[in-house]
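Student: Take a look at the letters that make up each chain.
There are 2 protein chains.
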Amino acid sequence: MSKQYSAAMIVIGNEILSGRTQDLNVNYVANKLVECGVVLSEVRVIPDIEDVIVSTIREFNDKVDYIFTSGGIGPTHDDITAASVAKAYGVALEEHAEAKSLLQAHYGAGDLNAVRLRMARIPVGAALIPNPVSIAPGFVIENTYVMAGVPRIMQAMMDHVASTLKGGAVIQSRTVSCALTESIIAKPLGAIQGKWGSIDIGSYPYFKDGVLGVNIVLRSSVENDLEQAINDVSDMVDGLIGT
Amino acid sequence: MSKQYSAAMIVIGNEILSGRTQDLNVNYVANKLVECGVVLSEVRVIPDIEDVIVSTIREFNDKVDYIFTSGGIGPTHDDITAASVAKAYGVALEEHAEAKSLLQAHYGAGDLNAVRLRMARIPVGAALIPNPVSIAPGFVIENTYVMAGVPRIMQAMMDHVASTLKGGAVIQSRTVSCALTESIIAKPLGAIQGKWGSIDIGSYPYFKDGVLGVNIVLRSSVENDLEQAINDVSDMVDGLIGT
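Going down the list, the sequences are from chains G and X.
11 is the number of the first residue of the first sequence in the working numbering; add one for each residue after it.
11 is the number of the first residue of the second sequence in the working numbering; add one for each residue after it.
Derived by calculation from the structure, the hints in this document are not laboratory data.
Certain hints may be false.
Copies of one chain are not kept apart here, so a pair can be met inside one copy or by any two copies together.
Stated by the list, open to error - With a cut-off of at most 30 Å between alpha-carbon atoms, the simulated BS3-like pairs for lysine-lysine come out as follows:
#: 1; residue 1: Lys176; residue 2: Lys218
#: 2; residue 1: Lys218; residue 2: Lys13
#: 3; residue 1: Lys110; residue 2: Lys197
#: 4; residue 1: Lys42; residue 2: Lys176
#: 5; residue 1: Lys97; residue 2: Lys205
#: 6; residue 1: Lys97; residue 2: Lys73
Please read these numbers as outputs of a predicted model, since none were measured by experiment.
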């Protein structure tokens, strides 16, 4: 079996914790990682507090292959992600020559004031992540990819990052939807899960247009098993609906 | 100053980590907690793995006043939240008489099969959280509120829970939106933050209809300071737009 690559995501964002903003970045990153054959094993939403950012990064650095962060890389006083990541890895924050020249080209030398130059301050040893939307770059240091919080920018950065990641076997997913309740399918579905050790089977109830139903989701990197197991589930559903 | 109450939320959900589902529960809980005067200090999205659920609950039990979980309380094989919470608190899982009679009344004694009865299995000592949508209850044990993952059910449970929580001073929030960039406001906004220690000021850039702008959000439980600080921010914005 090929190595399984793991990832964690850290959303740095008081605005998510206060309920002001609905996060959309986790879902985007999660879907990209599936395409890359990387398993997202945990997400944390943490406040804009340096000590918390530092300790969270250090903890994940030991646990997973990749860390992704979103938020806190703009020019204002509450943007402390770059400094916190530098601290987590015990390096200084310095003005990055390439980042500075990108910002200079964008703003013009005359308009590149001290505040905008804050966005060129990158941990020593980090490589830049391009930002085609508003230029100020993200960066990668060790296994940690530091991206913007604005979804449009984060998505562009993640698209770039995804093209550089090394992943394992891609997890395929198949879904069977049916207007049955979980109580009805629970026992036979448990038996199918018992039969197929290579497959992760989840069931997710839904309400739609007044109808109660369930999505049965099968996920596996073993495509042949997946096709056979999905047949088992379809047969089970047909049998239950037919009775 | 009154005690500040803190909370953590644990989203138990492979379907969120795999990108299949966009989480909506964190935002709902976050907003309810603001109304209750409780500070949401961290959110974790973790997989449906017993050891991870147990250790996460134990860690937060020491750190925060309230823990909220969503997901994993249905009747299928992947619904392991109740058993995991029981294990975290070192108690048994048992058939809860009241939960059983609720399910009996809903399904009728004849249709209350063993699978459905799984949803009446609650950690010893827990109290029920009503589920007006589909009856199977959530529960609270120690400081931990265990709720469903389906947003409509989770919201109904959270509405009930919120009415029972003890909170501190409610955090008020005011927002100033303007078509300025963060680079322009960063320095004067930093000075306003320096002046008002009782206020948490965040700035959140946005793109809307092709215009780049920023939302400046001020949050505080000290209403008088908040009104004065919002005047400072408005004056700053007027000054910058006027120039």
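Student: Are the hints correct? Go through all of them and say.
Tutor: Here is how each hint holds up against the structure:
For the homomeric pair Lys176 and Lys218, neither the shortest alpha-carbon distance inside one copy (39 Å) nor that between copies (35 Å) is at most 30 Å. For the homomeric pair Lys218 and Lys13, neither the shortest alpha-carbon distance inside one copy (39 Å) nor that between copies (43 Å) is at most 30 Å. Proximity of Lys110 to Lys197 under the C-alpha cut-off of 30 Å is restricted to the inter-copy arrangement: shortest distance 19 Å between copies versus 61 Å within a copy. Proximity of Lys42 and Lys176 under a CA criterion of 30 Å is satisfied intra-copy only: 13 Å inside one chain copy versus 40 Å between copies.
Taking identical chains as interchangeable, the C-alpha atoms of Lys97 and Lys205 lie at most 30 Å apart only when they sit on different chains, with a minimum of 27 Å there against 48 Å within one chain. For the homomeric pair Lys97 and Lys73, the shortest alpha-carbon distances inside one copy (19 Å) and between copies (24 Å) are both at most 30 Å.
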